[in-house]
Structures are given as structure tokens and as C-alpha cells.
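Going down the list, the sequences are from chains F and B.
Once you know that position 156 of the first sequence is 156 in the numbering used here, the rest is easy, because the numbers rise by one and skip nothing.
Once you know that position 217 of the second sequence is 1217 in the numbering used here, the rest is easy, because the numbers rise by one and skip nothing.
Source of the hints: derived by calculation from the structure; they are not laboratory data.
On a predicted model such as this, the values are computed, not experimentally measured, just so you know.
Hints may contain errors.
Chain F regions said to be covered by chain B (calculated; three or more residues, Cβ under 8 angstroms) [said to hold, decoys possible]: (1) 147 to 156; (2) 232 to 239; (3) 278 to 285; (4) 288 to 295; (5) 459 to 472.
Listed next, the in silico BS3-like pairs over lysine-lysine satisfying Cα-Cα at most 25 angstroms (straight line) [claimed, not checked]: (6) F:Lys216 to B:Lys1070; (7) F:Lys225 to B:Lys1007; (8) F:Lys272 to F:Lys123; (9) B:Lys1065 to F:Lys216; (10) B:Lys1065 to F:Lys206.
Simulated restraints, written as ranges between beta carbons of each label pair [unchecked claim]: (11) F:Asp413 to B:Ala1030: 38 to 48 angstroms; (12) B:Glu1192 to F:Thr46: 31 to 41 angstroms; (13) F:His440 to B:Pro1329: 55 to 65 angstroms; (14) B:Gly1184 to F:Thr46: 22 to 32 angstroms.
For each residue, glycine too, the CB sits at the ideal point set by N, CA and C.
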Amino acid sequence: MKSKKILSVLLILFFAFGIFYSCGKKDGDKTSDKKRKLDDIGELDTNGAINGDWVIKREMSDAEKLNPIVTNDNTAEGVYLRIYEALLDQNFITFEFIPELASLPEVAPDYLSYTFKMNKDAKFSDGKPVTGEDVIYTMKAIKNPFADNAAARNYYESVKSVELVNGDLGIVRINMKEPSWRAIINLGSFAICPKHVLDPENLTDKYTWDDCKDYKTAEKNPAIKKYADFLNSQEVSREPKYVLGSGPYMLEKWETGQNIILKRSPNYWDRKNTPNYPDKIIFKIIQDNSASVVAAKNKEIDLMVVVSPKDFYKELENAEQFDLVRVTPSEPAFSYIGWNMKNPLFSDKKVRWALSHLVDRNSIIEKVLYGSATKIQSPVYYKFEKLLNKELPEIPFDPEKAKKLLDEAGWKDTDGNGILDKMVDGKKLEFKFTFLIPTHPVRKQTLLVIADALKKVGIQAEVQELEWSVYLDKTKKHQFDATLAAWANPTTPPDPYQIYHSSQMEGEGSNYVSYNNPESDKLIEEYRRELDENKRIDILKRWQQIIYDDQVYTFLWNPKSRYIYNNRYRNTRFYSKRNSMEMNEWWVPKGSQKYSPTMN
Amino acid sequence: MSQYILKRLLLFIPTLIAITIITFAISHLAPGDPTELKVGVSNESMKADEKSQINEQAKQYYKAKWGLDKPLYMQYLIWVGNMATGDFGNSFIDNRPVMSKILERIPVTASITFIVVFLSYLIAIPIGIYSAARQYSFADRFSTFLLFVFYSLPGFWVATMGIIFLSNVEYFKIFPTSGLTTLGSDNWSFIERLWDRVHHLILPVICSALASFAFLSRQMRGSMLEVIRQDYIRTARAKGLTEKTVVLKHALRNSLIPIITLLGGLLPGLIGGAIIVESIFSIPGIGQLGFQAIIARDYPLIMAELVLAAILTMIGLLVVDILYAVVDPRIAFSKK
Chain F
1 MKSKKILSVL
11 LILFFAFGIF
21 YSCGKKDGDK
31 TSDKKRKLDD
41 IGELDTNGAI
51 NGDWVIKREM
61 SDAEKLNPIV
71 TNDNTAEGVY
81 LRIYEALLDQ
91 NFITFEFIPE
101 LASLPEVAPD
111 YLSYTFKMNK
121 DAKFSDGKPV
131 TGEDVIYTMK
141 AIKNPFADNA
151 AARNYYESVK
161 SVELVNGDLG
171 IVRINMKEPS
181 WRAIINLGSF
191 AICPKHVLDP
201 ENLTDKYTWD
211 DCKDYKTAEK
221 NPAIKKYADF
231 LNSQEVSREP
241 KYVLGSGPYM
251 LEKWETGQNI
261 ILKRSPNYWD
271 RKNTPNYPDK
281 IIFKIIQDNS
291 ASVVAAKNKE
301 IDLMVVVSPK
311 DFYKELENAE
321 QFDLVRVTPS
331 EPAFSYIGWN
341 MKNPLFSDKK
351 VRWALSHLVD
361 RNSIIEKVLY
371 GSATKIQSPV
381 YYKFEKLLNK
391 ELPEIPFDPE
401 KAKKLLDEAG
411 WKDTDGNGIL
421 DKMVDGKKLE
431 FKFTFLIPTH
441 PVRKQTLLVI
451 ADALKKVGIQ
461 AEVQELEWSV
471 YLDKTKKHQF
481 DATLAAWANP
491 TTPPDPYQIY
501 HSSQMEGEGS
511 NYVSYNNPES
521 DKLIEEYRRE
531 LDENKRIDIL
541 KRWQQIIYDD
551 QVYTFLWNPK
561 SRYIYNNRYR
571 NTRFYSKRNS
581 MEMNEWWVPK
591 GSQKYSPTMN
Chain B
1001 MSQYILKRLL
1011 LFIPTLIAIT
1021 IITFAISHLA
1031 PGDPTELKVG
1041 VSNESMKADE
1051 KSQINEQAKQ
1061 YYKAKWGLDK
1071 PLYMQYLIWV
1081 GNMATGDFGN
1091 SFIDNRPVMS
1101 KILERIPVTA
1111 SITFIVVFLS
1121 YLIAIPIGIY
1131 SAARQYSFAD
1141 RFSTFLLFVF
1151 YSLPGFWVAT
1161 MGIIFLSNVE
1171 YFKIFPTSGL
1181 TTLGSDNWSF
1191 IERLWDRVHH
1201 LILPVICSAL
1211 ASFAFLSRQM
1221 RGSMLEVIRQ
1231 DYIRTARAKG
1241 LTEKTVVLKH
1251 ALRNSLIPII
1261 TLLGGLLPGL
1271 IGGAIIVESI
1281 FSIPGIGQLG
1291 FQAIIARDYP
1301 LIMAELVLAA
1311 ILTMIGLLVV
1321 DILYAVVDPR
1331 IAFSKK
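Chain B extracted, bound-state conformation (with noise of 0.2 angstroms):
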């Protein structure tokens, strides 16, 4: 087992250089100019009568200190010698180090995340548990349906809805409308800062979590109804357990090893999805930083939100494959 590990993240290193060659050239290919951004043309609104010829000047200093002006294959090879110390370069924008940044704004992203994930399967595997056991009843029909409604709503469209409809005076006033605290709440005591936190959360982690939970529920369904037409589940019935005992402890935990898998599969599409969540309630984290960056043609901060969601999935697919082991026993990594 060790050594399937071992070997896994041996791997990860080939995986990640392909994946950052191909997204540094895409970034870098992509028409847009960052250094426009330091000579202030990037802003329609400035006054424009008043440039000069220090703007092309500058921009060549820019290229210059940003590396921009050598061969594309050279600024990958910098980089990647940067990055292999850690250092992933300051921002183009504030210039502040891009790791501050990120790392100023992962807990966000990660506690949605982390409750998002841990939400989807709480919900999803009663969910698809039962409308499998009563396939085709009304409830089944029921679920199905809402399910597939959940899952085809975009996610900007069910947060804007969210808001309009439950975060305003006119209709219902639940839930705050945007950001991740209410303005004056430091002195408040930790309970209800806590709470407030919760309270600003809760639409948001909805929002994330209805394609996902959808997505699994539906998986849940489909796995447990192969798993109750095997042989030793007739078996199971014909011993005379009751209805409960087969489905719970005979079928539930080989019906689980697919939605297991899927977890790998979830994270970085809860990644893609946390930039329109994060922008619509206007969530400092990570997706809303991405976004802005991309924007701006902000190259190291691209570059380094990138790495981190692909060394994040690599992680996800290992742990996935490592509970493969865990869950079915018939699986193993190591030769005999």
C-alpha cells in the first residue's frame, strides 16, 4: 500500500508538469496585455489626453522585470524554477506576494468547500438510497424530478434568485445579501459572530451544493439499484431479513464504492464553481481572486491558483483510490 502511494505521488510530478505547460501557454497565448495595466489605459474612464511616451517606456520595464520580454519556453523555465523554492512571484496588480494573497483567502473557499462536500453526501445517499428502494413510487418520481431540475439550474441564476427572493425586504428577508460578515460586528461576542458567519453562509453553500448534491443523489440511485438485482441480495432475501437489514447493511456498502470515486471528480468542479458563487455574494476567497486575476492577466496569481487546483484534484483522486481500498476489500494495491 505504501508503495502505491509512494508511486502515485511520484506520478504527481509528470502530471503537474504537463498541466502547468499547457495552462501557462494557454494564459500566456491568450490575447491581452498585462503591463497596459500599469500605464493606466486598462481604465476607460482615465484622462486621456495626457499620456506621453514614458507609457512605452514603462511597458518595456515592466516586460522586463516581469520576464515578458523573453522567449515563452525561457519564462516557463524561470517559473518553474521560482515555484520548485516556493516562490510563486508577487501579483502584476498590488504587487503583494501571490502566496499572501491566496493563502489570505483560502479558509473561506475551503470551509464553504469542506461543508459543501460534506452536505452533498449527507443529503444524497438517503436520498438515493430510498428512491431506489422504492423505485418508480411516487416519491421516487418525486425526487427524480426535483433532482433533475436542481441539477440543470445554472448556478448564477439560482444565486441571483436567491438573493432577490430571500435576501430582500420585498419578498423574504432571510438572509443577508452579500460578503462574509456584517459591518460593526467585531465587538459582538463569539456567538454571534459565529452565527453571523453561519447566517452569511448558508445561501452561498446552498448555491454550490445544489448541481453537486443533485449529481450525487441520482449516482446514489443508480449504484444501489445495480447492487439490489445481484444474486446475494436475493439471497439475503430469501434468508428472510427484513427489507431494512438487506438494503442498509447488505447493499448500502457496495453501492457506495462508485459515489466514493466521485468525490475526486467533485472538488475541482467545486473550484470552477466557487468563482461564480464567490462573485455573486461577493465572497473574498479564492474562486473571486482567480476570477479577478484572469481579468487583470495577472500571470503569477493565474499561474499559482492553477497549481494549487490541480496538486488540490491530484490529491482528491488519490485519497479516492486510497478509500477504494478501504471500502472494498476485494481491491488491493499491492501484488500478492
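This is chain F alone, in the form it adopts within the complex (with noise of 0.2 angstroms):
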């Protein structure tokens, strides 16, 4: 008897520890307020900056491969674009593009051609100049159909050839299968691969851009086949000898499932411009949340994504007191709220105009998001004051409007049940849906909020949380009733037709929530037509007053990304673009480096 008693008293003094330990660890001391605003770009800081030190990097998934031509994952992206460079590069302050490897392009009058006329100072990481053929290889290597880049294929697909103009290798033009104003993004985009590593037997040469216009025609000639087998074999996508660009960095060694370490190329040419401060760039893979964050704390990652807000503005309330400094940049996309129209429930406007009444987006942000949003009425990226219309107004959080709003739709409690009702077809139809995601613990607990409002009006809405994959299938399905998802914004004049034209409906089109308004679809056709700037802007401008008139989403915001780093690094710029900051920009002063060039 009495040990069991010992025992009880050990377990209750065990838990009452753990508690009290913890709680005593919340109230840190409220340090200095001189902290850096959270969510700006950060000033350019590199008077006196110096060579040396490392960044670590925190990736939650190590990349598959780091040929940028077969490649198409993110982590995979965040590193290659510190080996590769591409003809053009892009400001992402001003958003606008500027020269690279390659000058500005000459469009012709057409629309049908560019020429970009190369740097002559650009150079390899081997010490080969960057040439018009180095181009035209990579160019013909994306084309290739059997090459494992089915993705990237499709920004091409309206390249029709690319060839040295007066067989200068110094200027190249590319040509295209019709008139695109939007062509530049892509053509000045694509990173620039060495022709004498890649393709040492010239066999891109033995097939032509026609021989790539389909499987069919590519099956007739073997060099094809022939050369996306090598291209998709495992060692071009690993070994530093094939993964070789002309970027400010080059792979000194991959450890499959650990870490990527870069290593500044030592005679990189355009240090000018893209300054390469730190010796190495390390890529440090670390699968889970909270790890990782224990890892930052201790010191053994400079630089990490928050993926909790509650981590970030809770746990790392005093990052300080770490060395660590937390900055929540906006990186261009949007969350939304899309209501499949092919459901009775959601077809009217007037309902899905109910429901946006009925999402109060000013507390979600608050206690959800911990404030780290910026609210958006339309699916243009809210920093592009030059394409954004800013006429929409907010759409207020207002249950009475809904109410009557839902009423005039014909939605009624005849039955007394506390759910809305309505005849439709001859069959009594009941308010009541389910919201499908992924699991994403900060949709869920935002879909409970909005299901509780909806609940106060007498719409029964559940949360059905899929595994990625399958929630994946079920969209594009249309086999859903409204979800909470989110798009990537381009950093360029985006495209509507892929989410929103009502020829999307089908097979691979993005537009899930079946949108169909044929006066939506022909300024969306306008649009890609226009080549006159300015009548663009005002066509895209109509058009979002109708996307808004619609909601065919309920816009919601633009969520803020959330970093932390080291303390000790200096000109830290956070971009609004995906992957917002470039680290080898980043530099460390003498007395605070902590990672010697002798430490291997």
C-alpha cells in the first residue's frame, strides 16, 4: 500500500515539474522593441561586406534531383538557382526583368521572334564561356518528350525553334509557333545548361525541334530516346561533375537525405552584380516541425521556414534571446475558399455572395494566423499596384446581409430543423456540405471557425481532411463541395485562362470549381490576345471586377511567409517572390563568423 502511494506522489511532483519547467520558460524577458519590421524587403546592406562564413539552410524534404532541366520540386529549385542562371533575371522590387546571362531581348514587331544577345564575359563554372549553343541545347533538351520534365515541358510548348542568328554564337534567336506577349517570362527564365558537359556527343544535334512535336514523331529517331535516357539517368542529376552551371555557386557534395552543400565558385563571373559572400550554402534537410525549430534555437541552422505560426509568434516570441531574427515577407500567392458550382448549393451568386458574408476574415487572421495575412478581393498579386484593381471593396464579415442574401436565393427553414432549405428539382435540398482539404492543421482550425458562422445561419458545414494525393484526385474530379486551397502568384502579369476559363472544366485544367461565364471567358481570350500594354491592363482590370461580382472564390489572403535566421548575417533581403531571399547575398562581418574556410 504504501509504495503505491510513494508512486502517486512521484507522478504528480513528475507532471507538476514538467508544467511548472515549462510555464517558467514562457515569460522570458520582453527584450529591446528596436527589432526589425517584420515584413519588410530589409535595406541593402553591403558597405565593407566580406567573404566567409556559411548559411544553413533548413529543407523539410531533400530534392530528387538537381538538373534544373528534369527537375520539379522546390527544394530542388532553392538550389539550383544558386548554379544556374538563366538569360534574364528578374528585380523583385520593381518586378521588372533585367539582364543576365543574355541582354534584354529585341521582340519582333510579330510577336513571333526573340533575340537575346549574349554576355560575353559569362562563363561557366569549368571556365567555358556561355554561348548561343549552350542555348540551343538546353532548349532542345527541355523539348526532348522521353526527358522526365513533362512540367516544365508545357512553358515551352509554344517554342517552335531556337538558332544562332548569322551563326554569331553570341546572339540567339528564338522563335515562336504563335504571337505571346507572356513569352518573355518563360524565355528569359529557363535555366542555361552546358552544352560540352551534358551532351559531349552532340546528340541533340541529330534531332530536329519537328522531331520533338510529339511521342509519335520522336519514337522515329533513336538520338532522342537515346539522349533522355543519359539526360534521366541518376548520375547527371547527382554528381557535381554533370550538375554544373554558371550561377555564383557550384555542388560540392550531396549527401542523399542529410544535406546539399554548395561551395562558392571561385571564379564566378558576374560577382558584380550577384555577389557570392558566403564560403558555403548548405542545404540541411530536417523532416520534422518541431525539430527543426529546436535546431534553430540551438544554433545548428542559420535560416528556416516556420511552417506554425503558432511556433513562430508563440515559441519564438523572444527569438532573440537565440540570436535569431524572425521576418515574415510576402511571398506571392493566395488562399481562397472555392465552391464547386456544379453542387445546387453553390451555383447561385447570390448564395456564394451569402457565404463570403459569412467568412469573418478579420478574426481568422487575428487568432489563427496570428495577424500575418493581408486580406485580397482578387486573385491578382496585391503587389502589383500596376495590374491590380483596387476598386473591389472589402467584403465585410456581416451574418444579417447573408441572411438576406440566402433568403432572396429562396433559402428558408420551412421545417424548423435549424437548417436552411430549399425545393429544388421537386426534392427538398438541405443546406449541408463538407469542406474538403489536405491535412494542413491551419486550414482545418480557419474552416471550423467559418463552419461555426455558418452554423448560426443554418448551414451545416463538416471538415473533411484528405491525404494529399487523394484530395489531389478528388478535385480534379470535381468530387468535392468547397475546399480552402491556395495558388501560387506569378511575379509576372499572371494568365486567368488556366484556373478560370470554362474550357478549364475538363480533363487537366485547373478550374475545379467548374466557373463558367462566357463574358468572363471572352476578356480572358481578350486578354492573351492584346499585345497593347496598357488596354491589357485594362482588360485584366474588367475582368477581375467580374471574377469579383461572381466570387467565383471567396478571396481570402495573401499569407505571409514566416522566417527566422542568425542574427549575425547582414544585407538579409526578404523578396515577395517564392524563395524570398538570396543568400548569397548575405555576408558576415570578421569577429562573427563562425564557420571557418579551414573547417572543410
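Fit the two chains together into the complex; they arrive one by one in their own frames, and the hints show the way.
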């Protein structure tokens, strides 16, 4: 008997200590207000910048492949953007294109060809110059239908051919199949790969542009398949010998599942415009979110995205204590609720307006997202001031108005069971539905708040979480009532065709909510054809008005990204783009450098 | 004996066929489409505004390339045919041969599993013996309580708590948070590197060992208690042997028999547990690999891992049966 008592006392003590201990930790000292404003880009700070030190960034998953031609994952993109360069770069403050490996192109008046003049100084990290041949090679490799890059090939479908102008290695012309003002976006952005490394046997010269038209044609020329087999092989995507570009860093080592280590390219050609201060940039794979927060506090990593808002705003409230700085740059993306208009519940515009009035965005942003989001009314990235229709008023949280709208749409609680109903095609339909989402705690919390508001007006909504590929399958087949999802915004003028055009309701299109409005379709088509920029912007603005009036989506917010980084770095700018920062610009003053060059 | 082993080995074949049929069917019939990965829609942050009919064509191409356009039984037969020649195919994700992906990760998982099994037995047996010999003593009650706590704690929770409290500068910074090696440890001396590796493995090993060790020592206690009540033990005591001799010499051997059988059941459980522990500690082992394969619907990789786990389990069970004969002369497999 006695032993039992001792046990229970021990147990109580054990838990009490645990609680006490963890509480005690929370009330850390509230230090300086002299914090960096959480969401600015950051000042340019390169005075006295010196080489040295490393940046260790946490990645949630390993890259699949590092060859940019055949790669399609986020981790890999963040890595290879340091190793490779494209014809053009973008200024992510003004969103303008700037020259990189080539000057800004000369566009033919009919928009059917783009002529780039290569920078004569540009060199790959092995010292060989970057020429028009490399551009031709890269595009041919991309166009190879057997290469493992169907996702990337989509962007270059409209490219007809690439050729040297008058045989000059320094001037290259890209010919298009159809005139398109948007082509420059993709033409400027593909990573140029060295032909002498990736195609020493000149296999890509043995097939023509027309041979790559489709799978059937391609099968007739064995060189295509042969080259694709080489390009798809694991060596090409993994070994430093092949993963080689003209960028500021080069691949040193890839320890599968653990680290990807880049080292500074010693003879980088464009250091003036693109500095490469850190000796190494290391991508360390830590799968678990809580483990990575601990690793950041321990200074085992220098930079990471904090996935959970709660970790960022509560767990890391005293980030300075661990020499960490928190920033919340806006990365171009938006969250929305999509209402499946094939479902009779949501086919009526008035109902969708009512639902939008039932989303309390202010309190969700404050409580679920800890304030880290910017409300939006349009699918155009809100920092794109030139393109954004600013006339669209915010839709307030207004249950009374919602009730009125639902009433006008014929939704009444006739049987007094607390749930709205309506006669549809002779049958009584109750307003009950399910939100389908991929497993995602923040989205779930958001929807639970919304479901609560819906319940108060007599709409019963449930939330179902599904594993990602199952969720994807269901949304593509339009087998859902409503969903909370997000789209990435391009940092270039958008093309609404894929998501909002009625032709995209079937097959591979992304019009999952089955939006069909001929007026919107017409504007989208005009917008794609219009070559005059001002007219185009005008069309895009009118189109935004229609989308808003129809409440195709309930547009929610542009969520802020959450980064933490070690405070020894300077010139830490976070831009409005995906993979927000350029670690190669970061530098550490002499006295604060942590890793010395002698450490391997 | 050798005849028995041969018979058992032959039985592997139908068992393996049954297992692969079931797992093949389950993995392929589960919703989700691996070709989506190849056209890039698997990622929400892709630029959604730039897709076209190429996707449809490419999906058809990959379906044909991977044989997914054929009826399921044909797919299975093709897969079996390839497997019989040792070809497990290439991973859908990165096109690498499945076997090379698995082989590079096996040493990690195997060493963790081996250490875990070894330690579990090493600790569980003495604890079991002790608490059986001193039944209802304070030590027995305490260990019973503690072991039940260990047994019921979910592995992922223990692992997360371990990281938060034992490898955190805020509390105790004893262990590294994740991975297998320290960055830049390449040019350390062998001893330093060895210690680095051990240091990284301590927490994961404790987390995977906790449940199996608790389970084993409970089993040990139970079987010891059973043996200790036998007549021959009473006889031994009556002969005037010391309690120590009675327990450690006469009772121990017989009480070990059921414990050995548990080894067979422990192995698949540990491989399953590796998925969780490896994911939380970011250890590049086959558990983590299998988890990623399932998420991506990477069928060749999923199947290769399952076949591997099935074969390991069957070997484990066979070894157990053979060990039986070794520890208990009454058990003989060949008919006299």
C-alpha cells in the first residue's frame, strides 16, 4: 500500500514539475523594441561586405534531382537557382526583367521571335564561356519528349525553334509558334546548362525541333530516346561533374537525405552584380517541424521557414534570446475558398456572396494566423499595383446581410430543424456540405471558425481532411463541395486562362470549381491576344471585377511567409517572391563569422 | 533438421506470393495517381496558369512507360517476372534504381534495429527476472508501473519530447536534434566520427527501444513466474539450493523459450517503428524512404520495401523456430 502512495506522489511531482518548468520558460524577458519590422524587404547593406562563413538552411525534404532540365520540386529549385543562371533575371522590388546571361531581348513586331544577345563575359564554373550553343542545347533538351520534365515542357510548348543569328555564337533567336506577349516570362527564366558537359556526343544535334513534336514522331529518331536516357540517368542529376552551371555557387557534395552542400564558385563571372559572400550554402534536411525549431534555437541551422504560425508567434516569441531574427515577407500566393458550382448549393451567385459575408477574415487572421496575412479581393498579386483592380471593396463579415441574401435565393428553414432548405427539382434540399482539404492544421482551424459562423445562419458544414494525393484526385474530378486552397501568384503578369476559363473545367485544367461565365471567357481570351500593354491592363481590371461580382472564389488573403535566421548575417533581404531570399548576398562581419574556411 | 529448414524455405514462396498480391492490390487500388507528380500538379505552389494538353499526353506516356495502363493482374505478373530476375524497377520520383536507393539506406536502419533488439533483450531479461523473483515487492511494482508507462507512450511523442527537452539549449542540450553526422565532420579522426555517429543515434535508439523493451520485460516476468511455480523448482529449493541458483540456473533456461519466439514478431514492428523515428529524427533510413514512397505513390519503391520487410519477417520467424530447438531439446523438427 505504502509503495502505491509513494508512486502517486512521485507521479504528481513529475507532472507538476513539467508544467511548472515549461511555464517558467514562457515569461522570458521582453527585450528591445528595436526589432526589424517584420515584413519589409530589408535595406541594402553591403558596405564592408566580406567573404566567409556558411549559411545553413533547413529544408523539409530532400531534393529529387538537381539538374534543372529534369527537375520539378521546390527544394531542388531553391538549390539549383544558386548553381545556374538564366538569360534574364528579375528585379523583385520593381518586378522588372533585367539582363543576366543575355541582354533584354529584341522582340519582333509580330511577337514571333525574341533575339537575345549573350553576355560575352559569362562563363560556366569550369571556365568555358556561355554561348548561344548552350541556349540551343538547353531548349532542345527541354523539348525532348522522353526527358523527365513534362511539367517544364508545358512552359515551352509554344517555342518553335532556337537558332544562332548569322552563325554568331553571341546572338541567339528564339522563334515562337504563335505571337504571345507572355513568352518573355518563360524565355528569360530557364536555367542555361552547359552543352559540353551534358551533351559531349552532340546527340541533341541529331534531332530536329520538329522531331520533338509529340511522342509518335519522336520515336522515329533513336537519338531522341538515347539522349533522354542519358539525361534521365541518376548521375546527371546527382554528380557535381554534371551539376554545373554559370551561377555563383557549385555543387560540392550531396549526402542523400541529409545535406546538399554548395561552395562558392571561385571564378564566378558576375560577382559585381550577384555577390557570393558565404563560403558555403548548405541545405540541411530536417523533416520534423518541431525538431527544426529546436535546431534553430541550438544554432545548428541558420535559416528556415517556420511552418506552424503558433511556433513562430508563441514558441519563438523571444527569438532574440537565441540570436534569431524573425521576418514575415509576403510571398506571392493567395488563399481562397472554392465553391463547387456544379453543386446546386453553390450554383447561385447570391449564395456565394452570402457565404463570403459569413467569413470573418479579420478575426481568423488575428486568431488563427496571428495577424500574418493581407486581405485580398482579387486573384492578382496585391503588390502588383499596376495590374490590380483596387476598386473592389472588402467584403465585411455580416451575418445579417448573408441571411437576407440566402433568403432572397430561396433558402429558408421551412421544417424548423435549424437547417436551411429549398425545393430543388421537386426535392427538398438541405444546406449541408463538407469542406474537403488536404491535411493542414491551419486550414482546418480556419474552416472550423467558418463552419461555426455558418451554423448560426442554418448551414451545416463539416471539414474533412485527406491525404494530399487523394485530395488532389478528388478536386480534379470535381468530387467535392467546397475547399480551402491556395494558388501561387506569378511574379509576372498573370494568365487567368488555366484556372478561370470554362474550357478548363475538363481534363487537366484547373477550373476545379467549374466556373462558367461567357463574359469572363471572352475577356480572358482578349487579354491573352492583346499586345498593347495599357489595353491589356484595362481588360485584366475589368475581368477582376467580373470575378469579384461572381464570387468565383471567396478570396481570403495573401499569407505571409515566416522565416527565422541567425542575427550574425548582414544584408538579409527578403523579396516578394517564392524562395524569398538570396543567400549568396548575405555576409558576416569578420568577428562574428562562425565557420572558418579551414573547416571543410 | 536440414530437411525442416528446406521445407520452411520452400514455404516462403507461396507466402511471399500471397503477401505481394495483397500489398500490390492495396497499394495500386488506393486513390492517388503517381503520374500527377510528373506533370507537376502535385505541388500546390506551382504556377497554375501555364499548363496545357501536354500534361494529358505526358500522363499517358508515363502510364504506358510504367505499365499502369494495363489491367492490374498483368501489372502484377510483369512485376513478379522482373522481381524474379532481381529487377525491382526504377523509382517513379527520381528514376534511380529502387535497389540502389534501398541499399544505400539499409545499413542505417539495420544498425539501429540491431542495437535496439540487442539492448532491449539485454535490459529486459534481467529486469524481468528480478521482478519475477521479487514478485509484489516495491521494485516489482515500480518497474511494472514504469514499464506500462513506457509501453503505452506513443513513439512519435517520446521522440518529439526527447528533442524538445534533451537536445534543446533551453532545457538540456545533450543530444543533437537530427541527422546522422555533424556538418563538417568529414576530416575528423575515426574515433571522433564514431562518437559523433553514436551521439546522433542515442535518442533514436532509446525511442525505438522503449516500447519493445517494456513489452519484452513484461513477457520475461510472466514466463519466469510461470516456471518458478513448477514442481521441479520446488524440488530444487527443497534440495537446499540457494535462491540464486534456483532462479538463474534452473528456472532461467526454461523461461527464456517464449521470449525467444518474440524476436520474430519484434522485427516487423521495429521496421514499422522506423518510419516514425526516422522521420522525426531525419535519419536517412529505409523507414523514411518508405514513407516518402507511399506519399508519392512510388509503386516500385513501395513494393520493394514491402518484399524486403516480408522476407525479413519470414527469416525472423524461421530463425526463431530453429532457436527453439536449440534452447529446448524436447522440441525436435525431424520425425524420429
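We went through each hint and held it up to the structure:
1. 147 to 156: Coverage by chain B holds for the region 147 to 156 of chain F (7 residues, Cβ < 8 angstroms).
2. 232 to 239: Answer holds; 4 residues pass the 8 angstroms Cβ test.
3. 278 to 285: Per the Cβ count (3), the hint holds.
4. 288 to 295: As far as the region 288 to 295 of chain F goes, the hint holds, because 6 residues have Cβ atoms under 8 angstroms from chain B.
5. 459 to 472: This one holds; 5 residues, not fewer than the three required, reach chain B with a Cβ under 8 angstroms.
6. F:Lys216 to B:Lys1070: It holds: about 20 angstroms lies between the C-alpha atoms, which stays within 25 angstroms.
7. F:Lys225 to B:Lys1007: 47 angstroms, violated
8. F:Lys272 to F:Lys123: 14 angstroms, holds
9. B:Lys1065 to F:Lys216: Holds. Lys1065 of chain B to Lys216 of chain F sits at ~14 angstroms (cutoff 25 angstroms).
10. B:Lys1065 to F:Lys206: 24 angstroms, holds
11. F:Asp413 to B:Ala1030: 38 to 48 angstroms: At 40 angstroms between Cβs, range holds.
12. B:Glu1192 to F:Thr46: 31 to 41 angstroms: Because 38 angstroms falls inside the window, the suggested range holds.
13. F:His440 to B:Pro1329: 55 to 65 angstroms: Holds: the Cβ-Cβ distance is about 60 angstroms, inside 55 to 65 angstroms.
14. B:Gly1184 to F:Thr46: 22 to 32 angstroms: 27 angstroms, holds
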